[in-house]
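Participant: Each chain, letter by letter, is given below.
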Amino acid sequence: GQQLNQSPQSMFIQEGEDVSMNCTSSSIFNTWLWYKQDPGEGPVLLIALYKAGELTSNGRLTAQFGITRKDSFLNISASIPSDVGIYFCAGQRNSGGSNYKLTFGKGTLLTVNP
Amino acid sequence: NAGVTQTPKFQVLKTGQSMTLQCAQDMNHNSMYWYRQDPGMGLRLIYYSASEGTTDKGEVPNGYNVSRLNKREFSLRLESAAPSQTSVYFCASSNPGLTTRGEQYFGPGTRLTVT
Numbered sequence: 009g010q011q012l013n014q015s016p017q018s019m020f021i022q023e024g025e026d027v028s029m030n031c032t033s034s035s036i037f038n039t040w041l042w043y044k045q046d047p048g049e050g051p052v053l054l055i056a057l058y059k060a061g062e063l064t065s066n067g068r069l070t071a072q073f074g075i076t077r078k079d080s081f082l083n084i085s086a087s088i089p090s091d092v093g094i095y096f097c098a099g100q101r102n103s104g105g106s107n108y109k110l111t112f113g114k115g116t117l118l119t120v121n122p
Numbered sequence: 220n221a222g223v224t225q226t227p228k229f230q231v232l233k234t235g236q237s238m239t240l241q242c243a244q245d246m247n248h249n250s251m252y253w254y255r256q257d258p259g260m261g262l263r264l265i266y267y268s269a270s271e272g273t274t275d276k277g278e279v280p281n282g283y284n285v286s287r288l289n290k291r292e293f294s295l296r297l298e299s300a301a302p303s304q305t306s307v308y309f310c311a312s313s314n315p316g317l318t319t320r321g322e323q324y325f326g327p328g329t330r331l332t333v334t
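So the protein lines, in turn, are chains Z and A. FYI, in this note's numbering the residues of the first sequence are 9 to 122. FYI, in this note's numbering the residues of the second sequence are 220 to 334.
Heads up, a few of these hints could be off.
DSS-like mimics (lysine-lysine), calculated; alpha carbons at most 27 Å apart, straight line [what the hints assert, rightly or not]: (1) K59/Z to K114/Z; (2) K276/A to K114/Z; (3) K276/A to K228/A; (4) K78/Z to K59/Z; (5) K233/A to K290/A; (6) K114/Z to K78/Z; (7) K276/A to K290/A; (8) K114/Z to K290/A; (9) K78/Z to K228/A.
Simulated restraints, written as ranges between beta carbons of each label pair [as the list claims (entries may be wrong)]: (10) S35/Z to P280/A: 20 to 26 Å; (11) G272/A to P47/Z: 42 to 48 Å; (12) R330/A to N13/Z: 26 to 32 Å; (13) P122/Z to N284/A: 26 to 32 Å; (14) T334/A to L63/Z: 36 to 42 Å.
Hint data in this document are derived by calculation from the structure and do not stem from the laboratory. Model, not experiment: these values are computed from the prediction. Ideal Cβ positions, reconstructed from N, Cα and C, are used throughout, including at glycine.
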């Protein structure tokens, strides 16, 4: 099936540093979503993007919907230890059906050293 | 609101045993989904239910069956468990529409081991 290429696979950073990760696809998506998964928990929605070029913030998190609609970026500023977890991107095509299935990237594992 | 709830949280099965994973949501969402998560594979869709009374196969449906019991509940059944079904299973729900655009909300997961 359709795959999203998410990078990097993992990151080890110091507390206070900024973080960037991205997702790319060979196909166009109409919605991009970013989720965070803490150890032993389910993914939690962080940011949803609906328009090409859109830039949206949620606290220290900022995400962008790429102009080509084939990519998206997530930035975390001034990282703190509780930012540790796996970050997933997901794309949605809204192809006319009512199910709105998501295609997920394989995740970026973030480790923050205090 | 509890959001999406799943039972059980943990389960160990022997090969060939059957079990049903339960999922319920209290957000009045129309669509529900079952995913499995394996190391390095991300989240893969097993089955989904676009609305009450309908179910469809996802990316990896073999070895599973589902039932959309009502608008709130969506169960996943393993008829004859195999070691390859050892995984973490997540249920999700969404309400596709013009404003919500169908963002999916996930439960806490069921960790299944098949020996």
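Participant: All the hints need checking, so say for each whether the structure fits it.
Facilitator: Taking the hints in turn, this is what the structure says about them:
1. A hinted pair counts as satisfied when its Cα atoms are at most 27 Å apart, and K59/Z with K114/Z qualifies at roughly 23 Å.
2. A distance of roughly 21 Å separates the Cα atoms of K276/A and K114/Z; the hinted pair therefore holds under the 27 Å criterion.
3. Of the pairs offered as hints, the one joining K276/A and K228/A holds, with about 24 Å between alpha carbons and a cut-off of 27 Å not exceeded.
4. For a cut-off of 27 Å, the pair hint linking K78/Z to K59/Z stands: about 12 Å separates their Cα positions.
5. Distance restraint check for K233/A and K290/A: the Cα-Cα separation of roughly 32 Å exceeds the 27 Å cut-off, and the hinted pair is therefore not satisfied.
6. Between the alpha carbons of K114/Z and K78/Z the distance comes to roughly 16 Å, so the proposed pair stays at or under 27 Å and holds.
7. With a C-alpha separation of about 18 Å, the suggested pair K276/A and K290/A falls inside the 27 Å cut-off, and the hint holds.
8. Proximity of K114/Z to K290/A is assessed by CA-CA distance (about 30 Å); at most 27 Å being required, the pair is judged violated.
9. At most 27 Å may separate the alpha-carbon atoms for a hinted pair to count; K78/Z and K228/A exceed this at roughly 36 Å.
10. Distance hint check: the CB atoms of S35/Z and P280/A are about 22 Å apart, consistent with the given range 20 to 26 Å.
11. A C-beta distance of roughly 37 Å is found between G272/A and P47/Z, which places it outside the suggested range of 42 to 48 Å.
12. The given range of 26 to 32 Å is respected by R330/A and N13/Z, whose C-beta atoms sit roughly 28 Å from each other.
13. The hinted window of 26 to 32 Å between P122/Z and N284/A is violated, with their beta carbons roughly 46 Å apart.
14. Checked against the hint of 36 to 42 Å, the pair T334/A and L63/Z fails, with Cβ atoms roughly 49 Å apart.
Figure legend: structure checked against the earlier numbered hints; hints not met, in rising order: 5, 8, 9, 11, 13 and 14.
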